[in-house]
Amino acid sequence: KAGVTQTPRYLIKTRGQQVTLSCSPISGHRSVSWYQQTPGQGLQFLFEYFSETQRNKGNFPGRFSGRQFSNSRSEMNVSTLELGDSALYLCASSLAGLADQETQYFGPGTRLLVL
Amino acid sequence: QQQVKQSPQSLIVQKGGISIINCAYENTAFDYFPWYQQFPGKGPALLIAIRPDVSEKKEGRFTISFNKSAKQFSLHIMDSQPGDSATYFCAASKNGQNFVFGPGTRLSVLP
Chain V
1 KAGVTQTPRY LIKTRGQQVT LSCSPISGHR SVSWYQQTPG QGLQFLFEYF SETQRNKGNF
61 PGRFSGRQFS NSRSEMNVST LELGDSALYL CASSLAGLAD QETQYFGPGT RLLVL
Chain P
1001 QQQVKQSPQS LIVQKGGISI INCAYENTAF DYFPWYQQFP GKGPALLIAI RPDVSEKKEG
1061 RFTISFNKSA KQFSLHIMDS QPGDSATYFC AASKNGQNFV FGPGTRLSVL P
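If you read the sequences in order, they're chains V and P. Sequential numbering of the first sequence, starting at 1, is according to my numbering. Sequential numbering of the second sequence, starting at 1001, is according to my numbering.
Calculated from the structure, these hints are not laboratory results. Treat the hints loosely; a few may be bogus.
Stated by the list, open to error - Capping the alpha-carbon separation at 30 Å, the derived lysine-lysine pairs in DSSO-like fashion look like this:
1) P:1071 x V:13
2) P:1071 x P:1094
3) P:1005 x P:1058
4) P:1015 x P:1058
5) P:1094 x P:1005
6) P:1042 x P:1057
7) P:1094 x P:1068
8) P:1094 x V:13
9) P:1071 x P:1005
10) P:1058 x P:1042
11) V:57 x P:1071
12) V:13 x P:1042
13) P:1057 x P:1068
14) P:1042 x P:1005
15) V:57 x P:1015
16) V:13 x P:1015
17) P:1015 x P:1005
18) P:1094 x P:1058
Claimed, not checked - Among the chain V residues that face chain P by a calculated CB cut under 8 Å, a handful are:
19) 43
20) 45
21) 61
22) 62
23) 65
24) 99
25) 104
26) 106
As the list claims (entries may be wrong) - Ranges of calculated distance between the beta carbons of each label pair, as one might list FRET restraints:
27) V:7 x P:1045: 42 to 50 Å
28) V:38 x P:1018: 43 to 51 Å
29) P:1027 x V:40: 32 to 40 Å
Please read all numbers here as calculations on a predicted model, not as lab measurements. All residues carry an ideal CB built from backbone N, CA and C; glycine is no exception.
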């Protein structure tokens, strides 16, 4: 079974631009969660999508948004990029989602650098 | 109250030794405590998880000890191997919400 895939793997943007990251979950998984990982703040939960609906949301500004498609693939969008948005963005998929305490499988991440 | 504290920040252990990483939380509503292992260039991977109705859970060389009254939980890696060298994160959540992670512990196991 293929694992979680994320594209692109690396991305360089400038302040003020917007960016869209993509995540394809493991086949059959309906939940996709997104996380931001930085040296200073560590791992932080962004949001979870399940069956095309946002189910949980972390403490991030509205510039961070996401969506999930009917095939469970998910995209995350960051608008008006700031230097502090430079991070590794990870997505994770699970069968039934975080509320069921199902095992999450993480992708390799997208490394975003904002100049 | 949402924070999860983790110590030590880094740990060096000889091969065959025991690695111990500790975490503490404030929110008594947390009901799920997973540990993740992350290698450089990879995403985290679930290692082992525990719920507060259990005081200890063992899977192979990995054991979680949970102390509900002290609001602490720890990961023990027995017979540590160089291949265990990675960063370990504890985490906590309530009903899949408020998913918070500790800052991580970088473990180095010397051959």
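Verification of the supplied hints:
1. P:1071 x V:13: violated (42 Å)
2. P:1071 x P:1094: holds (14 Å)
3. P:1005 x P:1058: holds (22 Å)
4. P:1015 x P:1058: At roughly 20 Å apart (the allowed maximum being 30 Å), residue 1058 (chain P) and residue 1015 (chain P) satisfy the hint.
5. P:1094 x P:1005: holds (16 Å)
6. P:1042 x P:1057: holds (26 Å)
7. P:1094 x P:1068: holds (15 Å)
8. P:1094 x V:13: Violated, at about 35 Å.
9. P:1071 x P:1005: Between residue 1071 (chain P) and residue 1005 (chain P) the Cα gap is close to 11 Å, so the pair holds against 30 Å.
10. P:1058 x P:1042: Given that 30 Å is the threshold and the Cα spacing comes to 25 Å, the pair holds.
11. V:57 x P:1071: holds (25 Å)
12. V:13 x P:1042: This hinted pair holds, its Cα atoms lying about 22 Å apart.
13. P:1057 x P:1068: holds (14 Å)
14. P:1042 x P:1005: It holds: about 23 Å lies between the C-alpha atoms, which stays within 30 Å.
15. V:57 x P:1015: It is violated: about 41 Å lies between the C-alpha atoms, which goes past 30 Å.
16. V:13 x P:1015: The given pair, whose Cα atoms are some 43 Å apart, is violated under the 30 Å limit.
17. P:1015 x P:1005: holds (26 Å)
18. P:1094 x P:1058: holds (22 Å)
19. 43: Cβ of residue 43 (chain V) sits 4 Å from chain P, so the hint holds.
20. 45: holds (4 Å)
21. 61: violated (17 Å)
22. 62: Hint on residue 62 (chain V): violated, closest Cβ of chain P at ~19 Å, above 8 Å.
23. 65: violated (18 Å)
24. 99: holds (3 Å)
25. 104: holds (6 Å)
26. 106: The hint holds - residue 106 (chain V) has a Cβ within 8 Å of chain P, the shortest such distance being about 3 Å.
27. V:7 x P:1045: 42 to 50 Å: Given about 20 Å between the Cβ atoms, the range is violated.
28. V:38 x P:1018: 43 to 51 Å: violated (31 Å)
29. P:1027 x V:40: 32 to 40 Å: Distance hint for residue 1027 (chain P), residue 40 (chain V) is violated at roughly 22 Å.
Checked against the numbered hints above, the structure breaks hints 1, 8, 15, 16, 21, 22, 23, 27, 28, 29 and satisfies the rest.
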